[in-house]
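Generate coordinates for the entire structure from the input sequences, incorporating the hints supplied.
Count along the sequence shown starting at 1, add 93, and that's the number in my numbering.
Read the hints as simulated data drawn from the structure, not as lab findings. Keep in mind that this is a model prediction, so the values were computed, not measured. We treat Cβ as the ideally placed atom computed from N, Cα and C, and that holds for glycine. Treat the hints loosely; a few may be bogus.
[Claimed, not checked] Listed next, with one range per pair, are the computed distances between beta-carbon atoms:
(1) Ala123 x Val95: 40 to 50 Å
(2) Arg120 x Ile203: 39 to 49 Å
(3) Val137 x Leu225: 18 to 28 Å
(4) Leu131 x Ala174: 33 to 43 Å
(5) Gly187 x Val95: 40 to 50 Å
(6) Val112 x Thr148: 20 to 30 Å
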Amino acid sequence: MVSLLVHAVLGVAVVAWIVRANPAIFRRPAEGPLLSRLESTYLVVGLVSVGLGWTFNTTFVLDYGPDQLFFNPLWGDGSWAQYLQLMYDNPAAGSAGVDFTVANVVILPIVTIVDGVRRGIAKPWLFFVSTLFASFTFGWAFYLLTVERQRRLGRYAAPPPMLTIQEMPNRSVS
Numbered sequence: 094m095v096s097l098l099v100h101a102v103l104g105v106a107v108v109a110w111i112v113r114a115n116p117a118i119f120r121r122p123a124e125g126p127l128l129s130r131l132e133s134t135y136l137v138v139g140l141v142s143v144g145l146g147w148t149f150n151t152t153f154v155l156d157y158g159p160d161q162l163f164f165n166p167l168w169g170d171g172s173w174a175q176y177l178q179l180m181y182d183n184p185a186a187g188s189a190g191v192d193f194t195v196a197n198v199v200i201l202p203i204v205t206i207v208d209g210v211r212r213g214i215a216k217p218w219l220f221f222v223s224t225l226f227a228s229f230t231f232g233w234a235f236y237l238l239t240v241e242r243q244r245r246l247g248r249y250a251a252p253p254p255m256l257t258i259q260e261m262p263n264r265s266v267s
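Structure follows, in C-alpha cells:
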C-alpha cells in the first residue's frame, strides 16, 4: 500500500512541477473566472479518471499484493510487472492493452512534446510523466487544460491561418 501512496505523492509533485514551470499560463487571471468552463471540464474529467482508475489499482494491490505494508512495487505479486502481465492476460484485454500502451507511450509524448514546444509550454514531457502516476486520461486532460488556459490568457499567438489551394505557391514536384 505504501507504493500507492508514493505514486499519489509523485503524481501531485509532477503536476506541481508543470504548474511552477509555466507561471504565465497558470497565473491568476486579471479578470474572469479562475478556470473557464472548458478548463473545468478537462480538470473534472481528469480527476474522475484518476479516482476511477485508483479504485481498481487499490483493489489490484489489495487482491494480488502480499499481505504486508511494504513490498516491491516493480516486480512480484501486486507489482507493475504483474499488472502489465495481467493487462495482456487474454485476447480481449491484450487488444485494449496494446492500444492503450501505444497511445500512452508513443502518441501522447509525441503530441505533447512537439505541440508543447511549438506553443512555448515549458517541460511538456512532464505530461507523459504524469500518466505514470495518475492516469492516461488525466495526462491528456491536463495538457488540454493547459493549452486552453494558455489560449484564453493570451500567452500564445494563434498560428497563422492555413492557406487555401489558391493561395499556395505554385511548386512543381519532380
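Verification of the hints:
1. Ala123 x Val95: 40 to 50 Å: Given a distance of about 43 Å, which is inside 40 to 50 Å, the answer is holds.
2. Arg120 x Ile203: 39 to 49 Å: violated (28 Å)
3. Val137 x Leu225: 18 to 28 Å: Taking Cβ atoms as reference, Val137 and Leu225 lie about 22 Å apart, which means the hint holds.
4. Leu131 x Ala174: 33 to 43 Å: holds (38 Å)
5. Gly187 x Val95: 40 to 50 Å: violated (30 Å)
6. Val112 x Thr148: 20 to 30 Å: holds (26 Å)
Checked against the numbered hints listed earlier, the structure breaks hints 2, 5; every other hint is satisfied.
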